[in-house]
Structures are given as structure tokens and as C-alpha cells.
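Work out the full structure, taking the sequences as your base and the hints as a guide.
Numbering (our numbering) for the sequence shown: 14 to 546.
It is possible that some hints are incorrect.
Straight-line C-alpha distance at most 27 Å; calculated DSSO-like pairs for lysine-lysine [as the list claims (entries may be wrong)]: (1) Lys121 to Lys271; (2) Lys167 to Lys313; (3) Lys379 to Lys362; (4) Lys259 to Lys281; (5) Lys199 to Lys121; (6) Lys342 to Lys313; (7) Lys278 to Lys223; (8) Lys281 to Lys271; (9) Lys121 to Lys151; (10) Lys151 to Lys120; (11) Lys259 to Lys199; (12) Lys510 to Lys121; (13) Lys402 to Lys313.
Honestly, the hints are just simulated from the structure, not real lab data.
If you're wondering where the values come from, they're calculated on a predicted model, not measured in any experiment.
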Amino acid sequence: MTTTLFIGLDGCTFTVLDQMISDLPGEGVTMPFIKSLMEKGVRAKLRSTPNPLTPPAWTSIMTGKGPGEHGVFEFIRAEDRGDEVYWTLYDARDVDTETIWSIASRKKKTIAALNFPLTAPAPEGINGAIVPGFVPAKHLRRNTHPRELFERIKNEIPGFDPKELAWDFDKEKQAMESLSADETAKWVRYHLPREEQWFRVAEYILENDKPDLMAVMFDGTDKIQHQAWPWLDKTLLPKNPQGHDKEMREVCLEYFHKLDGYIEKLVKMVGPDAQVFFASDHGFTASTFVLRINTLLEEKGYLAWADNDGSEMAKRREASDFANLDWSKTTACCLTPSSNGINIRVAEKPGDPGIDPKDYEAFRAKLTEDLLSFRDPETGEPVIVDVLKREDWFQGRHMNRAPDLTLVLRDNGFVSIRNFKPSLVKRPAAIGTHHPDGIFMAAGPGIPAAGEVGLRKIVDVAPTLLYSAGVSVPSDFEGEVPSTFFTPEWMEARPVKKGARTQAIKRDEDAQEMDSGEKQQIIEQLQMLGYME
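This is the structure:
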């Protein structure tokens, strides 16, 4: 019998969710089932990782540890080799700690984890099902655990289509080719059949396998909000939307209404004795300007762009997905836009590119001062409101893989790394971007009808799910079980048990690697969502 159901909602925010459960004039209640659950349960804002981004945040939800410990900071991992920088995509093999799926399996619990990023390839010893997210369709079969599960799903779920279940890159690219007024609605509609496919897989596994800990993540919430935020944020929507505004609002409400129906069916399947939890990796808000951070760093004397001699190679480098810099003359730069991170280049030995190691602290202090002093030339407002040192925010075994400095912008947006001027420009219209506060909700037996309680940390989700499933919480988890999410009587009868530290992980070395073309497709997908340029 399933005792714990976890539903991940990528990028979900109370800014939108509270609209969907309100009886709005002319729209009614879009998500009536979520409304009924919230009235019977508890909710809290959930503070994300320091850079509120999908890979590190979901990994923290799955591991109970921050990026400094689990080792995932970004979509793209950069390796600085002095005169050049090389990039590759993160995958599950970069997660350097156990996930709750492995921990629960070791405790003889059965699990199912569907559509979570960085779960391929699956570690050894999983007692249950993993169908990974963030992979091309052709890799689903090989990376689904156990191997025979893919054939079961394919043969026993009517209408199953792995191209809809996974990222269909060609279809997504077609849906977003122009992002014109007419095309934007396609982007929302594209995700309706995809969410239904993941619901059908979750329904099938619940009905046939009944795992103790059942988890599924719906990611259309994030993808839609990136491109449709002006129609989801009521402060940006016209009072009486007409034409395209009206169409966009309606198709967004259709998505959330259908999602509400999928959630209702899953909750009813696990029954009244199960505890149900919801969490998102981050929230959402409006981004109103673009900071071209490498242009600013050039103006301050920290980097130099690579010369463009007009050759085909130079043109390709200039149009590539990453900053095209003269590495011999660059001391600080931003490597990828979604990192919002500044990397300081420190020379390993005399004569190498970068600053002298003994100058690091003074150099970083001056760089921080230059960044915080930058003002919007029109308003005089600061553009960068905080600069996070890695030793303060990314403590752990992998701290040195974090950017030296992580930027927090006034509008919480992502920076641009392109060689364009000026360094700050207003957006013609607001777009959706990540906010550090997501959602954390629960309902079911032993959970109080407490409404909203105090802010929780993203690393609290993992110990909460293990506690609900009857599994002791590893002693090296950074999060804790929130007492506000359970009644005193429940916790008195079931005290939180601390267990041994997490164990080393072993992975299937036979996992199929993505080829360069498939990796490029993922990069293009990240471009569509605004994470890459």
C-alpha cells in the first residue's frame, strides 16, 4: 500500500496557485481539488538553492543536501583548462550522494520516481521504478529501471508514446520557432498531452505496483510560466483581456485545470490513509531587464572578447552557446547565463592565465564592490542586489566547483553572457523567471489543517518524505522534518529517527551516453526556456 505520495510541480509558485484556487470573476475556481486539499492541510513557502535553478534544486529535494555536498550546480559543467574552457551536460553520475530513492530502497521500501531530472542512469539497488526526466525519447528505454518496465508501459498503457513522455525536441522547437502571439498558445497546448502521458505512467504504476513511496514530477508548470507569465500574473494581465490576451489566459487555465484533475485521480488512488506532499524547485516572478554581465565585466577591465577575424571558425565561436573570450586576457567572467555566477581565473603556476593566488581575496573584494556599485542609468537603482561568496553559500565537498561569486539581480532574472552593448537593457515585455521561493504543501492523516506556516528550506523535503514513509533520516542530511507539518500527536507516536550517514553510490556503467547531437538538442531546449542564449 502506498503510504506517501509526492507530487513535484516544477517552478510552481503561490503567486499562480492562489489564483487557481480562488473564485475569480468570470473564471471560477480553476483547481478545485487542490483548493480542497489546501483547506485540509498545511503549506509553506520553500526557499530554493542559492541559485534557484532546476538541476541543483531538484537534486537538493532528492538528497536533503545543498549543491556544495551533492555536486550539481547547473545544467552545464564547465572545466577551465587555462587557455580554453570545455563544457558538458550534468547527469546523474555527477550527483555525489545518495538520493531518497536509494535510501528508502535500502530500508526495504518500494519506490517509484517519475520524470525527475538527473535520475539517469539509475543507481544500483533501486527497489522499484525509475523513469527519468530530462532525456531524449530514445534514451528512455535504456535508462528506465528496471529494464523490463519500459516494455510493460509500452505494451499495457493504451496510447503510450515515448516521444510525448520525453522531450520531443523537434516538436518543442516547432512550437517555439517564432514565439509570436499566435505561436505562444501552441507552447502551452504542447504540454497538455505530455503531462497526460506522465499521469498515465504514474496511474499504471500506482495501480499495478503500489510502491510505498510514490513520486511524480509535472514540469509543464515551469515551461509554461517561462513564456506565458504575462497571462498568469494578474498584475500584468489587462483587466478585461481580449483577443490574444484572452486566448492565452484561457489556455493557461485549461492546463492548470487538467493538471488538477490528474492530481485528484492520483490522490484518490492512494486513498485516505496516505500522506500527500507537494513541492517545487523554485517559484516564479517577472523579469523586466537584461544584464549583459560579460559586457559589464569588459567595461570594468576583467575580461577581453576573442578577436573575430571573419573566418568561419570565428563566426561559429561568436554564435556558439557560450562566451567567446580571449582566455589569456580574462581574469573574471560568467560562463553560462543560468549560473548567474562569476568565475575568477586563478593561475595555477607563474605564467598561467589568471590572477596570482595571493591576490585572490583583494581581487574578489574589488570585483564585488564593482558589481554592487553598478546602477541602472535611468533610475539609479542597483541592478545587482547581492553577491554570494561560495564559501558562505555552497559549503561542502564540492564547494570549489561553485562559481566564486553568485549574483542576485533586482528582478531575480538570469544574466546574458553575449557580446552586445549596452550592458543593461529593458525588456520590451516582462517574461517569467525564477524566484527563490517555491511551494511546499501536505495533506492527509497526521497533517494539521494549519494553513500557511513559516518558511522552509528545500533540503527539508527529503527528510520529510523519508519520515512519512517510515524511514530513518540520515544523520548527514542538511534539512530536518518540519514539526509544523505534522500534528503533535502524530509525531509523539512516531518520533523522528536519525539513521546512519548516507552511503556511497554505485551506478550502472552500461548506461547509454547521449551523442553530441542529442546534447545539442538539450542545449537548444534550454535556449528556448531562456537558460541558454
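request  = Starting from the hint list further up, note which numbers the structure goes against and sort them upward.
outcome  = Checked against the structure, the hints that fail are numbers 1, 2, 4, 5, 9 and 10, while the rest are satisfied.
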